[in-house]
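Letter by letter, the chains look like this.
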Amino acid sequence: MIRDSDFDDLAHKSGEWLRGTGPESDIVISSRIRLARNLADFPFIRRCSDEDRISIERTIRAKMDSIDEWREVRYIDLEQLSEIDRQFLVERQLISREIADAEGSRAVAIDPREQYSVMINEEDHLRIQVMHSGLDLKSAWQSIDELDDKLEGAILYAFHPECGYLTACPTNVGTGLRVSVMLHLPALVITRQIDKVFRSMQRINVTVRGLYGEGSQYTGDFYQVSNQITLGHREQDLVALVGDDVVPRIIEYERKARDFLVKQGQQDLHDDVSRALGILSTAKKISSEETMHYLSKVRMGVNLGLIEDVPVGTINKLFIHTQPAHLQKLQGRLLGSSDRNVERATYLQCHLSGKLSDGELN
Amino acid sequence: MKCQYCEKPATFHITELTEPDGPQVMHLCEEHARGFLQKEATTPTASIAGALAKQLNLGQTKQELAELDQKECPVCGISFFEFRNTGRLGCPFDYTHFSEDLIPLLTNIHDSVVHIGKRPRRAAAADSHAELIQLRREMEEAVEREDYERASEIRDALHRIEEAGSTEQNASGEEE
Ligand SMILES: [Zn+2]
Ligand SMILES: [Zn+2]
Numbered sequence: 001m002i003r004d005s006d007f008d009d010l011a012h013k014s015g016e017w018l019r020g021t022g023p024e025s026d027i028v029i030s031s032r033i034r035l036a037r038n039l040a041d042f043p044f045i046r047r048c049s050d051e052d053r054i055s056i057e058r059t060i061r062a063k064m065d066s067i068d069e070w071r072e073v074r075y076i077d078l079e080q081l082s083e084i085d086r087q088f089l090v091e092r093q094l095i096s097r098e099i100a101d102a103e104g105s106r107a108v109a110i111d112p113r114e115q116y117s118v119m120i121n122e123e124d125h126l127r128i129q130v131m132h133s134g135l136d137l138k139s140a141w142q143s144i145d146e147l148d149d150k151l152e153g154a155i156l157y158a159f160h161p162e163c164g165y166l167t168a169c170p171t172n173v174g175t176g177l178r179v180s181v182m183l184h185l186p187a188l189v190i191t192r193q194i195d196k197v198f199r200s201m202q203r204i205n206v207t208v209r210g211l212y213g214e215g216s217q218y219t220g221d222f223y224q225v226s227n228q229i230t231l232g233h234r235e236q237d238l239v240a241l242v243g244d245d246v247v248p249r250i251i252e253y254e255r256k257a258r259d260f261l262v263k264q265g266q267q268d269l270h271d272d273v274s275r276a277l278g279i280l281s282t283a284k285k286i287s288s289e290e291t292m293h294y295l296s297k298v299r300m301g302v303n304l305g306l307i308e309d310v311p312v313g314t315i316n317k318l319f320i321h322t323q324p325a326h327l328q329k330l331q332g333r334l335l336g337s338s339d340r341n342v343e344r345a346t347y348l349q350c351h352l353s354g355k356l357s358d359g360e361l362n
Numbered sequence: 001m002k003c004q005y006c007e008k009p010a011t012f013h014i015t016e017l018t019e020p021d022g023p024q025v026m027h028l029c030e031e032h033a034r035g036f037l038q039k040e041a042t043t044p045t046a047s048i049a050g051a052l053a054k055q056l057n058l059g060q061t062k063q064e065l066a067e068l069d070q071k072e073c074p075v076c077g078i079s080f081f082e083f084r085n086t087g088r089l090g091c092p093f094d095y096t097h098f099s100e101d102l103i104p105l106l107t108n109i110h111d112s113v114v115h116i117g118k119r120p121r122r123a124a125a126a127d128s129h130a131e132l133i134q135l136r137r138e139m140e141e142a143v144e145r146e147d148y149e150r151a152s153e154i155r156d157a158l159h160r161i162e163e164a165g166s167t168e169q170n171a172s173g174e175e176e
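Line by line, the protein sequences are chains A and B.
In this text, residue positions in the first sequence follow my numbering: the first is 1, and each later residue adds one.
In this text, residue positions in the second sequence follow my numbering: the first is 1, and each later residue adds one.
Calculated directly from the structure, the hints in this document are not laboratory data.
Check the hints yourself; a few may be wrong.
To be verified - Under the rule of at most 30 Å between Cα atoms (straight-line distance), these lysine-lysine pairs were calculated in the DSS-like manner:
id, chain 1, residue 1, chain 2, residue 2
1, A, Lys150, B, Lys2
2, A, Lys196, A, Lys256
3, B, Lys8, A, Lys285
4, A, Lys256, A, Lys285
5, B, Lys118, A, Lys284
6, A, Lys317, B, Lys8
7, A, Lys63, A, Lys138
8, A, Lys13, B, Lys118
9, A, Lys63, A, Lys196
10, A, Lys256, A, Lys284
11, A, Lys13, A, Lys138
12, B, Lys118, A, Lys63
Stated by the list, open to error - Under 8 Å between C-beta atoms, here's a sample of chain B residues computed to sit facing chain A:
id, residue
13, Thr61
14, Cys76
15, Ile78
16, Leu89
17, Gly90
18, Cys91
19, His110
20, Ile116
21, Arg121
As the list claims (entries may be wrong) - Pair ranges (Cβ atoms, derived):
id, chain 1, residue 1, chain 2, residue 2, range
22, A, Ala154, B, Ser99, 25 to 31 Å
23, B, Ile116, A, Ser200, 36 to 42 Å
24, B, Met1, A, Leu330, 28 to 34 Å
25, B, Ala157, A, Ser200, 57 to 63 Å
26, A, Ile84, B, Glu146, 38 to 44 Å
27, B, Pro74, A, Glu51, 29 to 35 Å
28, B, Pro74, A, Asp8, 48 to 54 Å
For every residue, glycine included, the Cβ atom is placed at its ideal position computed from N, Cα and C.
The whole structure should be built from the sequences, with the hints applied where relevant.
Now the structure itself:
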């Protein structure tokens, strides 16, 4: 592994999972799987002394260093990192907010293509995660299964013949597996069917979470679907529950709603998404909530063919790169919130304005 | 409106659509909202509290629960009370020590108590690892009360176990 604390290069590119290339990527942003694992011979994190945490970090790092295929993997000591750099990794979805805000010895190992990362000393000693673009859970499961085998070859996990992989929180015990699919569902929101769709799914062991902006004015239209239980089912079955059963049904509803919108009010819809693109590419200052709101509309416009020349990968990237720590990394300095709003507008303009044809401006 | 977790204004309002008690709205600042979205689906403490509350309804008396709260893991020292409050266990041995107490909880959360998925190829001998955890804790406690003689005794014992463990691991590694 490469020990690293300088990742300015990351700010200028984006992870593969953002490319918008995987299956169903007009609706599914990303497929993520994580596994929770603990070492057999240490207490769980909350009962660890500072020395325990240091030993755990050292033990795992040494074992990871011995994995041949990991020569290119970056290893970042999070304890030494500035707050802004930790925030950057959170926005990047490479580490969790919990580990960013925690104290004591902790670290993350990141694959150069950002398809997987392994957090050390999060809520569990190890949190392995794999992220793929679009609805791609089966291959994500394969990757993480292999990663887990590789680490297990070097580390002795806490495992109980009946309870399975032991975790600090009993909600993760057994498989330690959490499957999460991030969906973009603007048409279900516009047609006010979203609550109905999710209510119909309440009793099938999945959790759905939505993100709304201030009041009803700004909506990002993003929803995350995850498995709720981790014990008593095979990993492949939990993956299939989310990936083959629940998510395809939601996708079908969203497609129907999009068709309906296109047929019902092509002109209104075209007007709406074009205005959104207009605002994003001409505003002089813009908050991140507003950005998310309009990017969501533009993303739908691109996927419905109403906006041309803007690749969906660019839109996906803008969602991440317009967040506070990314803007500050790109600028190479700390910025207050109003400076960020100006910087964000400049950044959006530079990535979108060239794409505006005269017709769309009028 | 202020963020539920800090002093900043709450600009994101996140609705949990599938909470058992109906939709729940959280009011968060930008930073906490992003963190929250990346976090686990359900907040574990809340779901554990919910499951434990159900358990109480299902016949455990207040007195029984009070006795359970006092119960401590001999390895890491966590009490059931502490677990109930934080939603986090203290060490792998807790699943053995509190096994009976956790069964209703696991049933409530997962509708199951038996793992049928993946298994590691190398199984840890649970007891020797529990002993390691326990000895490390006892050593720290000895240092704290400045009983250095006891601390160094434990240190020697630890070294013996760790060495035995590492040769055992090497041996199993060579077999592969
Ligand atoms: Zn906050
Ligand atoms: Zn314990």
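Each hint tested on the structure:
Of the supplied pair hints, the one linking Lys150(A) and Lys2(B) is violated, its CA atoms being roughly 45 Å apart against a limit of 30 Å. Between the alpha carbons of Lys196(A) and Lys256(A) the distance comes to roughly 14 Å, so the proposed pair stays at or under 30 Å and holds. The straight-line distance between the Cα atoms of Lys8(B) and Lys285(A) is roughly 20 Å, inside the 30 Å bound, and the hint therefore holds. Among the hinted pairs, Lys256(A) with Lys285(A) is inconsistent with the structure: their alpha-carbon atoms are about 36 Å apart, more than 30 Å.
Distance restraint check for Lys118(B) and Lys284(A): the Cα-Cα separation of roughly 53 Å exceeds the 30 Å cut-off, and the hinted pair is therefore not satisfied. The straight-line distance between the Cα atoms of Lys317(A) and Lys8(B) is roughly 27 Å, inside the 30 Å bound, and the hint therefore holds. Only pairs whose Cα atoms come within 30 Å are accepted, and Lys63(A) paired with Lys138(A) is accepted, the gap being roughly 27 Å. For the given pair, Lys13(A) sits about 36 Å from Lys118(B) by alpha-carbon distance, which is inconsistent with the 30 Å threshold.
Only pairs whose Cα atoms come within 30 Å are accepted, and Lys63(A) paired with Lys196(A) is rejected, the gap being roughly 49 Å. Note on Lys256(A) and Lys284(A): the hinted pairing is violated, with a Cα-Cα distance of about 36 Å set against a maximum of 30 Å. Using a Cα cut-off of 30 Å, the hinted pair Lys13(A) and Lys138(A) holds, with the two alpha carbons roughly 26 Å apart. Straight-line distance between C-alpha atoms of Lys118(B) and Lys63(A) comes to about 21 Å, which keeps the hinted pair within the 30 Å bound.
Interface hint at Thr61(B): violated, since its Cβ lies 23 Å from the closest Cβ of chain A, which is beyond the 8 Å cut-off. Because the closest C-beta pair between Cys76(B) and chain A is about 5 Å apart, less than 8 Å, the hint holds. Because the beta carbon of Ile78(B) sits about 6 Å from the nearest beta carbon in chain A, less than 8 Å, this interface hint is met. Checking Leu89(B) against chain A: minimum C-beta separation of about 6 Å stays under 8 Å; hint holds.
A distance limit of 8 Å between C-beta atoms decides the matter here; for Gly90(B) the minimum to chain A is near 4 Å, and the interface restraint holds. With 8 Å as the threshold, the beta carbon of Cys91(B) comes within range of chain A, its nearest partner Cβ sitting at about 4 Å, so the hint holds. At about 4 Å, the closest approach between the beta carbon of His110(B) and any beta carbon in chain A falls short of 8 Å, and the interface hint on this residue holds. With a least beta-carbon distance of about 6 Å to chain A, the hint placing Ile116(B) at the interface is held under the 8 Å criterion.
Contact between Arg121(B) and chain A, as hinted, is supported at the beta carbon level, the nearest pair being about 7 Å apart and thus within 8 Å. With their beta carbons about 29 Å apart, Ala154(A) and Ser99(B) fall inside the hinted range of 25 to 31 Å. For the hinted restraint 36 to 42 Å between Ile116(B) and Ser200(A), the CB-CB distance of approximately 28 Å leaves it violated. Checked against the given bound of 28 to 34 Å, the beta carbons of Met1(B) and Leu330(A), roughly 31 Å apart, stay inside it.
In this structure the supplied range 57 to 63 Å holds for Ala157(B) paired with Ser200(A), their Cβ-Cβ distance being about 59 Å. In this structure, Ile84(A) and Glu146(B) meet the distance hint of 38 to 44 Å, their C-beta atoms being roughly 42 Å apart. The hinted range of 29 to 35 Å is not satisfied by Pro74(B) and Glu51(A), whose Cβ atoms lie roughly 21 Å apart. Distance hint check for Pro74(B) and Asp8(A): the Cβ-Cβ separation is about 49 Å, which falls inside the suggested range of 48 to 54 Å.
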